[in-house]
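Peer 1: The sequence shown begins at 431 in the numbering used here and counts up one residue at a time.
Be aware that a few hints might be false.
To be verified - Calculated cross-link-like contacts (lysine-lysine; reagent style BS3-like; alpha-carbon spacing at most 30 angstroms):
hint, residue 1, residue 2
1, K804, K657
2, K712, K639
3, K494, K524
4, K712, K770
It is worth saying that the hints were derived from the structure and are not from the lab.
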Amino acid sequence: MARPRKQPAGAQPSLLLPDAAPLPEIPVAEQPYPLPTGWKWIYWGNCGNFIAGNAFKPTLQGKKNLLYPFYKVASLKYSDNEGYLYDTENSIGKETQERIKSTIIPEHSIIFAKIGEAIRLNRRGINKTKCCIDNNLIAFIPETVFFRFAYHWSQSIDLYKYTNATTVPAIRKSDLKKIAFPLPPREEQERIVARIESLFARLDEAREKVDAVAESYETRKAALLHKAFSGELTAKWREEKGVSADWRNVLFIHVAEVKSNLVDPADFQDFPHIAPDNIEKKTGRLFQYNTIAKDMVTSGKHRFYPGQILYSKIRPYLSKVVITDFDGLCSADMYPIEAKENTKYLWYYMLSEDFLEQASTAGSRSVLPKINQKELSRINIRIPTLPEQEEIVRLLDSLLERERQIREAAEQVRERIDLMKKAILARAFRGELG
Numbered sequence: 431m432a433r434p435r436k437q438p439a440g441a442q443p444s445l446l447l448p449d450a451a452p453l454p455e456i457p458v459a460e461q462p463y464p465l466p467t468g469w470k471w472i473y474w475g476n477c478g479n480f481i482a483g484n485a486f487k488p489t490l491q492g493k494k495n496l497l498y499p500f501y502k503v504a505s506l507k508y509s510d511n512e513g514y515l516y517d518t519e520n521s522i523g524k525e526t527q528e529r530i531k532s533t534i535i536p537e538h539s540i541i542f543a544k545i546g547e548a549i550r551l552n553r554r555g556i557n558k559t560k561c562c563i564d565n566n567l568i569a570f571i572p573e574t575v576f577f578r579f580a581y582h583w584s585q586s587i588d589l590y591k592y593t594n595a596t597t598v599p600a601i602r603k604s605d606l607k608k609i610a611f612p613l614p615p616r617e618e619q620e621r622i623v624a625r626i627e628s629l630f631a632r633l634d635e636a637r638e639k640v641d642a643v644a645e646s647y648e649t650r651k652a653a654l655l656h657k658a659f660s661g662e663l664t665a666k667w668r669e670e671k672g673v674s675a676d677w678r679n680v681l682f683i684h685v686a687e688v689k690s691n692l693v694d695p696a697d698f699q700d701f702p703h704i705a706p707d708n709i710e711k712k713t714g715r716l717f718q719y720n721t722i723a724k725d726m727v728t729s730g731k732h733r734f735y736p737g738q739i740l741y742s743k744i745r746p747y748l749s750k751v752v753i754t755d756f757d758g759l760c761s762a763d764m765y766p767i768e769a770k771e772n773t774k775y776l777w778y779y780m781l782s783e784d785f786l787e788q789a790s791t792a793g794s795r796s797v798l799p800k801i802n803q804k805e806l807s808r809i810n811i812r813i814p815t816l817p818e819q820e821e822i823v824r825l826l827d828s829l830l831e832r833e834r835q836i837r838e839a840a841e842q843v844r845e846r847i848d849l850m851k852k853a854i855l856a857r858a859f860r861g862e863l864g
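Start from the sequences, fold in the hints, and give me the full structure.
Peer 2: Given below as structure tokens:
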């Protein structure tokens, strides 16, 4: 889904409401922290109204460009830098809205999840136009507070802590109403919003640059692997060594062997258990894993040994392949592979676009793509001399480590930006944002 262009900070109109009767302050014992003069603690429920969503049958979904956008939990992923929702996957007309008695949510309401693990994601969205929401969502309709002030404040709290202790987490409307809300004078609300959005605009600009670096990692890695297996990466090395480009195209079966070794997991309770989900796609990175006992494994698994390659035969387009330096058991949906020449060279090749393309088109299953041993054995591998394989591995180790460090640095900057935003919000709602 295309992301709308970012609007300049502070571009939204001032929608402060006219003077109304003073709102009751909550008891001192319930006030989280002291506020500046002129501010007061009130209950969130006194700032506006909460409206829960309605059921949205699958038969009504998938219609676009009708009168009312109809937002679901997944819609909260699609909001711009100012928080406005832009999901256009579902909408309904006036006739349908009246027939299913779906409540119309006024524009500039704050929409968030009210049930399920989606609450933990802590996402918010603002509707630019009147809309409807499904029964997994709830909307806050501001009445005595500037909607953008309420939106930013809502971003500063973790709604998951207000869920009830049931099997499926949920937030009750009555609990939302009782959350303490720091209310400054209306002019101060508008000033704080302008200040927050000015600071956020700078951070968002930095975030976009950092995202570009992090997201281009796969492209840079693929380019390096292409250079490696086309011979370009070691052209200078061959020139210095005075050797020719002696490359062979061979079948996978000639450079590696699948070491199937199904065992009863009951005899290996303390061994590591590796499944496809423990491997990051397209990177060869191993995630955290458990023992056979902790995962309560009962079905047969392959035993693998240090130095073997583990390759997921399920969904080969995900390119889940890792070298192990320990022994353990792996899923029957994986192949333990032993290289006949340089193990790391083969592992890098299995991460390349050339191998990925061949493996992805080899499988015959359409519902659950899967590559069998016969199909794997027929994949073409480009192999240079053993000394050149070693040089390619040495260069890739160095170059890809540098790329990984660049990506990790970008991810750390992203985390710092997120922390800075949280700090800005924390100061803003204590009246400390100058």
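Peer 1: Now, for every hint given, state plainly whether the structure supports it.
Peer 2: Each hint tested on the structure:
1. K804 / K657: Given pair K804, K657 holds - Cα atoms ~28 angstroms apart, limit 30 angstroms.
2. K712 / K639: holds, 23 angstroms
3. K494 / K524: Given that 30 angstroms is the threshold and the Cα spacing comes to 13 angstroms, the pair holds.
4. K712 / K770: holds, 23 angstroms
In terms of the numbered hints stated before, the structure departs from none.
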